[in-house]
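Asks: As they're listed, the protein sequences go chains A, B, C, D, E, F and G. If you read the first sequence in this note's numbering, its first letter stands for residue 60, the second for the next number, and so on. If you read the second sequence in this note's numbering, its first letter stands for residue 60, the second for the next number, and so on. If you read the third sequence in this note's numbering, its first letter stands for residue 60, the second for the next number, and so on. If you read the fourth sequence in this note's numbering, its first letter stands for residue 60, the second for the next number, and so on. If you read the fifth sequence in this note's numbering, its first letter stands for residue 60, the second for the next number, and so on. If you read the sixth sequence in this note's numbering, its first letter stands for residue 60, the second for the next number, and so on. If you read the seventh sequence in this note's numbering, its first letter stands for residue 60, the second for the next number, and so on.
Keep in mind that the hints were calculated from the coordinates and are not lab data. Just so it is clear, the structure is predicted and the values come from calculations on it, not from any experiment. Be careful, since some hints might not be right.
Said to hold, decoys possible - DSS-like mimics (lysine-lysine), calculated; alpha carbons at most 27 Å apart, straight line: (1) F/K143 x D/K103; (2) G/K96 x E/K96; (3) C/K143 x E/K125; (4) E/K123 x G/K143; (5) E/K103 x C/K123; (6) E/K96 x C/K96; (7) F/K96 x G/K123; (8) C/K125 x E/K123; (9) D/K96 x B/K96; (10) D/K123 x B/K143; (11) F/K125 x D/K125; (12) A/K125 x B/K125; (13) C/K103 x A/K143; (14) C/K143 x A/K143; (15) G/K143 x F/K125; (16) D/K123 x B/K103; (17) E/K143 x G/K143; (18) G/K125 x E/K143; (19) G/K123 x F/K103; (20) C/K143 x A/K123; (21) D/K96 x D/K125; (22) D/K143 x A/K96; (23) G/K143 x F/K96; (24) C/K143 x E/K143; (25) A/K143 x E/K96; (26) F/K143 x B/K96.
What follows is the residue order along each chain.
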Amino acid sequence: MGRKEFDLDVLKPHIPSNYEVAQALEEILGVLFVSIKTDEIDQKTTSVFITIIGTEELSLDSIKEKLENMNCALHSVDRVQIDKRTS
Amino acid sequence: MGRKEFDLDVLKPHIPSNYEVAQALEEILGVLFVSIKTDEIDQKTTSVFITIIGTEELSLDSIKEKLENMNCALHSVDRVQIDKRTS
Amino acid sequence: MGRKEFDLDVLKPHIPSNYEVAQALEEILGVLFVSIKTDEIDQKTTSVFITIIGTEELSLDSIKEKLENMNCALHSVDRVQIDKRTS
Amino acid sequence: MGRKEFDLDVLKPHIPSNYEVAQALEEILGVLFVSIKTDEIDQKTTSVFITIIGTEELSLDSIKEKLENMNCALHSVDRVQIDKRTS
Amino acid sequence: MGRKEFDLDVLKPHIPSNYEVAQALEEILGVLFVSIKTDEIDQKTTSVFITIIGTEELSLDSIKEKLENMNCALHSVDRVQIDKRTS
Amino acid sequence: MGRKEFDLDVLKPHIPSNYEVAQALEEILGVLFVSIKTDEIDQKTTSVFITIIGTEELSLDSIKEKLENMNCALHSVDRVQIDKRTS
Amino acid sequence: MGRKEFDLDVLKPHIPSNYEVAQALEEILGVLFVSIKTDEIDQKTTSVFITIIGTEELSLDSIKEKLENMNCALHSVDRVQIDKRTS
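Can you make the complete structure from the sequences, with help from the hints?
Replies: Here's what the structure looks like:
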């Protein structure tokens, strides 16, 4: 069973918190792992690095949609990885 | 069974000591691992980096509450990680 | 069964996205793994580093053809690796 | 069975030697591992970094007491780690 | 069964490509692994670092001969390794 | 069965050689491993870093005695490690 | 069965080549592994770093003798390691 990985550069408001964003992303179909690291905190926004690992069922569109629902802007997709090898 | 990890930047008074904070955090439901490293020592406060690993039962709210009870201020949550893969 | 690996330096238009390129490359005969990292984003183009791992059936020509079909220019092949050892 | 780890910054007289301090610390209830590295040697004192790993039975108080008995001053506790996972 | 490894500094014309050189080297008796990394690209030549791993049957002479047949100049042998331990 | 490790900073005459010192240290009761690295070579002396790993039977006194018998001066004990965990 | 390791700093003429030196050293009683890396190439000589791993039967004298027979000068023995632990 394959794996997909995404490194995302995201601009978010202070609320929802990193933890709330992680919990929301965790619920997406196919998600196995979510990591959110704070990069810079400005007056109104926080830029964060998000890594998401999932099964083949995971789609980038579902991630984007979830982020937009939380008023988070997907600034760039820094890394995309698709691994078809079973592990 | 999943794992949650938090990297916390915390400002604490000199008392309770790092060890006492670690012992208090260890008692929270779901906690498996606590590490506290001293970052800077000022006249009245110590800033520390705290890493906590726990099961799915661990909640950030219970960590915050425990820290506040010890007069420790959670300055920021630098990293949140949720891993649903069994290991 | 052997493995082939390629590190490619590629110049692509903003569309298709990194994810769409990864999905297209994944479909090539013999491909096991695709990773695309953004290097630099300019006004009209994005330069990316692509790593592809595949079986002995994977050919560089099929990669080149697929990239050209997406208006991506293969700037250079930075690393070629052929491993005949079973693993 | 859990593990506790401490990184200690200690100021000691030249005598007892690092080896004698290590042997004394090794005798504390619950101690599994002791490492002592010399940081700086001054005219009358040596500052050393001490790492101690132990079982749940290990207490910081017993370490402090042992160090004081050898005229060593516990300058700071740089890291405290409590790991409840069996290994 | 032993292993031989060579790190080679090679100056090659732009054609044959890195991939064609790798495919030619792969055919040498005893070769198990070939990696070619581009170091510098000049107007008429490319300098590359080549790593070759092989069995005891692999000889440096057969590598040199193959390189010369492709108009590649073996500039230097930066590392030679012979490992007689079975692995 | 426990392990002891020592990192020693030693000043030695050019003769005996590093290899002769290693062979002498290897004969001490409890020694399992000896490594000697040259740090600086002066006109009459060589300063070396010596790492010795041994069983619980190994004593620092027996190491000191052996070094003195070879006209080597134990300048400092940079690290002492006692590991009681079986491995 | 124990292991011996030597890191040698050697000055050699351009001929014999690194590969020929490696092949000669490989024939010494007890040798399991030889690695030769070029450090600097001068007009008449090449300075190389040689690592040799062998069984307890390996002696430094046999290495020195072999090097001298090839007009190579053993400049220094940078590291000597004797490991009596079976692995």
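Asks: Evaluate each hint against the coordinates.
Replies: Hints and how they fare:
1. F/K143 x D/K103: Distance of about 31 Å is beyond 27 Å: violated.
2. G/K96 x E/K96: Holds, at about 19 Å.
3. C/K143 x E/K125: Judged against 27 Å, a Cα distance of about 18 Å means the pair holds.
4. E/K123 x G/K143: The given pair, whose Cα atoms are some 41 Å apart, is violated under the 27 Å limit.
5. E/K103 x C/K123: OK: E/K103 and C/K123 at ~23 Å, within 27 Å.
6. E/K96 x C/K96: Cα-Cα ~19 Å, so holds.
7. F/K96 x G/K123: Between F/K96 and G/K123 the Cα gap is close to 18 Å, so the pair holds against 27 Å.
8. C/K125 x E/K123: 35 Å, violated
9. D/K96 x B/K96: With Cα atoms ~19 Å apart, D/K96 and B/K96 stay inside 27 Å; holds.
10. D/K123 x B/K143: 41 Å, violated
11. F/K125 x D/K125: 31 Å, violated
12. A/K125 x B/K125: 31 Å, violated
13. C/K103 x A/K143: 31 Å, violated
14. C/K143 x A/K143: This hinted pair holds, its Cα atoms lying about 20 Å apart.
15. G/K143 x F/K125: The hint holds at about 18 Å.
16. D/K123 x B/K103: Holds, because 23 Å separates the two Cα atoms, which is no more than 27 Å.
17. E/K143 x G/K143: 20 Å, holds
18. G/K125 x E/K143: Roughly 18 Å between the alpha carbons, so the hint for G/K125 and E/K143 holds.
19. G/K123 x F/K103: Cα-Cα ~23 Å, so holds.
20. C/K143 x A/K123: Violated, because 40 Å separates the two Cα atoms, which is more than 27 Å.
21. D/K96 x D/K125: 18 Å, holds
22. D/K143 x A/K96: 25 Å, holds
23. G/K143 x F/K96: 18 Å, holds
24. C/K143 x E/K143: 20 Å, holds
25. A/K143 x E/K96: Holds, at about 25 Å.
26. F/K143 x B/K96: 25 Å, holds
Against the hints set out earlier in the document, violations occur for numbers 1, 4, 8, 10, 11, 12, 13, 20.
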